[in-house]
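Novice: Protein chains in written order, with numbering that gives the first Met the number 0: chain A, 0 to 245; chain B, 0 to 202.
Please keep in mind that the hints were generated in silico from the structure rather than gathered at the bench. Please note: incorrect hints may appear among the correct ones.
Quick partial rundown of chain A residues pointing at chain B, CB under 7 Å, derived from the structure [claimed, not checked]:
1) 26
2) 27
3) 30
4) 33
5) 34
6) 103
7) 104
8) 110
9) 230
These stretches of chain B come out as covered by chain A in the derived footprint (C-beta under 8 Å, 3 or more residues) [as the list claims (entries may be wrong)]:
10) 86 to 99
11) 105 to 112
Beyond 12 Å from chain A on every Cβ pair, some chain B residues (computed) [unchecked claim]:
12) 15
13) 19
14) 21
15) 23
16) 35
17) 50
18) 51
19) 116
20) 138
21) 146
22) 147
23) 148
24) 154
25) 176
Quick reminder that beta carbons are idealized off the backbone N, C-alpha and C, glycines included.
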Amino acid sequence: MAPPGPALDLDLETFEGPFDLLLTLILKEELRLAEVDVADIVVTFAERLPEVRRLDLDACGDFLVLVGALLEIKARELFPDVDVDLAELSPEEAAEELAARLEAYRRIKAAASWLTERLEAESDRYFRLGPAPLAPQPELRLVPQEPAALAEAVRRLAQEPPEVSLSHMALAFPPVSRFVERFRSVLRRRVRFSFDEEMRTLSRVEQASAFLALLELRKQAELDIEQSEPFGPIGVRRLVVERSVA
Amino acid sequence: MNPVTPTLRLVDAEPLERLSRTLEALLVVASTPLSVADLADAAAVDEVRVEAALHLVGERYSEGRSGIVLERAAGGYAFRAARTEAAACARLVERPVERGLSQAAMETLAVVAYLGPCTRPDIARLRGVAADSVVAGLVERRLLVEAGREPGVGGAVRYRTTELFERVFGLEGLSELPRLDDLGDGADGIRERLEAVAERRPA
Numbered sequence: 000m001a002p003p004g005p006a007l008d009l010d011l012e013t014f015e016g017p018f019d020l021l022l023t024l025i026l027k028e029e030l031r032l033a034e035v036d037v038a039d040i041v042v043t044f045a046e047r048l049p050e051v052r053r054l055d056l057d058a059c060g061d062f063l064v065l066v067g068a069l070l071e072i073k074a075r076e077l078f079p080d081v082d083v084d085l086a087e088l089s090p091e092e093a094a095e096e097l098a099a100r101l102e103a104y105r106r107i108k109a110a111a112s113w114l115t116e117r118l119e120a121e122s123d124r125y126f127r128l129g130p131a132p133l134a135p136q137p138e139l140r141l142v143p144q145e146p147a148a149l150a151e152a153v154r155r156l157a158q159e160p161p162e163v164s165l166s167h168m169a170l171a172f173p174p175v176s177r178f179v180e181r182f183r184s185v186l187r188r189r190v191r192f193s194f195d196e197e198m199r200t201l202s203r204v205e206q207a208s209a210f211l212a213l214l215e216l217r218k219q220a221e222l223d224i225e226q227s228e229p230f231g232p233i234g235v236r237r238l239v240v241e242r243s244v245a
Numbered sequence: 000m001n002p003v004t005p006t007l008r009l010v011d012a013e014p015l016e017r018l019s020r021t022l023e024a025l026l027v028v029a030s031t032p033l034s035v036a037d038l039a040d041a042a043a044v045d046e047v048r049v050e051a052a053l054h055l056v057g058e059r060y061s062e063g064r065s066g067i068v069l070e071r072a073a074g075g076y077a078f079r080a081a082r083t084e085a086a087a088c089a090r091l092v093e094r095p096v097e098r099g100l101s102q103a104a105m106e107t108l109a110v111v112a113y114l115g116p117c118t119r120p121d122i123a124r125l126r127g128v129a130a131d132s133v134v135a136g137l138v139e140r141r142l143l144v145e146a147g148r149e150p151g152v153g154g155a156v157r158y159r160t161t162e163l164f165e166r167v168f169g170l171e172g173l174s175e176l177p178r179l180d181d182l183g184d185g186a187d188g189i190r191e192r193l194e195a196v197a198e199r200r201p202a
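For reference, chain A alone in the conformation it holds in the complex (with noise of 0.2 Å):
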């Protein structure tokens, strides 16, 4: 018969197979040591121990060995934190701790299977599974009201508002052809003025008007605009020979 060791067939929760191949999928890290239960391998073990007739003491060290090294990376995985804590520990402290977790684990597993029991003795109970029934929203209750009242808060929201007057926005732009005929005029006694000068004593929509007239002058290449900086002022040069009316 084949010495328990590596040849050592598992059949846990998460892994079915030889030891050997559990260790291979954990050293390529395709198997999460953490999710292992290395108890169940001991005892696996333990229990193949009475089907051995001769006793290979030195599979047994290496597999003693392969485990505690299991054991030692689990920790590790499990707990990063407190190896600092067991590295405190005396071997007869960690011994007590290890007992300890091992009863409290011991308990838990009791009361799994009574839960498993538990849940067995009452597959027969059937009743209705859904979520909780919405409440009904809390009523929100008004003061008493007169009809009257109502009737006169609805009349008075279906009158015509008053018309709003927009009297006092009224601006009167003057025609731009004013200002185009003004410029003409200018450029045929002058070359060159300034238009800040001759707009000096206009209002600004008048201003706004007579720029406008401007634009129209200089794309018709009757005049060329200079201004050196921005909102500095705007000199106006004429471009073209005076045009002759006859």
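Using the hints, position chain B against chain A.
Specialist: Same frame as chain A, now just chain B:
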């Protein structure tokens, strides 16, 4: 001095039957167990009268007398099918919540039921294996639910068992779980098992 008290008592006796019908109606429309306080609020009566009327409902809807049974579950009262009708119910509906619960799931449920609210690292510490996927599965089955976080910045999420857990396992409340000391065979049992293995070994 109020001279009408005796008359009120007479009027009181009759509506208990009437109240029991109201409670039946409430229990039929609810999909989760209703506490005495829930029933009293909905029926607009006091809790003492609800308890008295529940007694009547319980007698009417009991195993052997009706296909519907009133049971105490998850801290309240609910209707369920009679156990004798389980076979017919099984042909109509499944019980997906508890189907295929693994040993790992049972152990995790046990940890949270006894020690909850507790975190996944707490569960891993007790079981010796990581609990992440098992806990996620139990949350999906609505047997576990998040219950806040550990104190401090970035504290781990805590979990507790749900009302559905109590209902599925037929518990009136978590206090119905047996004491941990009463469970299992203890250190003596473990020693006996080890000795049995030793005896099987050839000398």
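Novice: Evaluate each hint against the coordinates.
Specialist: Status of the hints after comparison with the structure:
1. With a least beta-carbon distance of about 18 Å to chain B, the hint placing residue 26 of chain A at the interface is violated under the 7 Å criterion.
2. With a least beta-carbon distance of about 18 Å to chain B, the hint placing residue 27 of chain A at the interface is violated under the 7 Å criterion.
3. Of the supplied interface hints, the one on residue 30 of chain A is violated, with its beta-carbon coming no nearer than about 12 Å to a beta-carbon of chain B, more than 7 Å.
4. Proximity of residue 33 of chain A to chain B holds as hinted, the smallest CB-CB distance being about 4 Å (cut-off 7 Å).
5. Interface restraint check: residue 34 of chain A against chain B, minimum CB-CB distance 6 Å, threshold 7 Å, status holds.
6. Hint on residue 103 of chain A holds. Least Cβ distance to chain B is approximately 6 Å, under the 7 Å limit.
7. Taken as an interface hint, residue 104 of chain A checks out: its beta carbon lies about 6 Å from the nearest beta carbon of chain B, inside 7 Å.
8. Here the hint on residue 110 of chain A is kept, as its CB sits about 4 Å from the closest CB of chain B, short of 7 Å.
9. A least Cβ separation of about 57 Å between residue 230 of chain A and chain B goes past the 7 Å threshold, and the interface hint is therefore violated.
10. With 6 residues having a beta carbon nearer than 8 Å to a beta carbon of chain A, the stretch 86 to 99 of chain B meets the requirement of three or more and the stated coverage holds.
11. Three residues within the 8 Å Cβ limit are the bar, and the stretch 105 to 112 of chain B against chain A gives 6, so the coverage statement holds.
12. Non-interface call for residue 15 of chain B relative to chain A: holds, since the shortest CB-CB distance, roughly 25 Å, exceeds 12 Å.
13. Look at residue 19 of chain B: its CB is around 20 Å from the nearest CB on chain A, clear of 12 Å, so calling it non-interface holds up.
14. Under the 12 Å C-beta cut-off, the non-interface status given to residue 21 of chain B relative to chain A holds; the minimum distance is some 16 Å.
15. Under the 12 Å C-beta cut-off, the non-interface status given to residue 23 of chain B relative to chain A holds; the minimum distance is some 14 Å.
16. No Cβ of chain A approaches the Cβ of residue 35 of chain B within 12 Å, the least distance being about 17 Å, so the stated non-interface status holds.
17. The claim that residue 50 of chain B lies off the interface holds: its Cβ sits roughly 22 Å from the closest Cβ of chain A, which is beyond the 12 Å cut-off.
18. The non-interface label for residue 51 of chain B is consistent with chain A: the shortest C-beta to C-beta separation is roughly 24 Å, beyond 12 Å.
19. No Cβ of chain A approaches the Cβ of residue 116 of chain B within 12 Å, the least distance being about 16 Å, so the stated non-interface status holds.
20. Every CB of chain A lies more than 12 Å from the CB of residue 138 of chain B, the least distance being 16 Å, so the non-interface label holds.
21. At the 12 Å boundary, the C-beta of residue 146 of chain B stays outside the reach of chain A, the nearest C-beta of that chain being 17 Å off.
22. With a least CB separation of 20 Å from chain A, residue 147 of chain B remains clear of the 12 Å interface cut-off, as annotated.
23. Separation of residue 148 of chain B from chain A is adequate, the least Cβ-Cβ distance of about 17 Å exceeding the 12 Å criterion.
24. No Cβ of chain A approaches the Cβ of residue 154 of chain B within 12 Å, the least distance being about 14 Å, so the stated non-interface status holds.
25. Annotated as non-interface, residue 176 of chain B brings its C-beta within 12 Å of a C-beta of chain A; the closest such distance is 7 Å.
Checked against the numbered hints given earlier, the structure breaks hints 1, 2, 3, 9 and 25 and satisfies all the rest.
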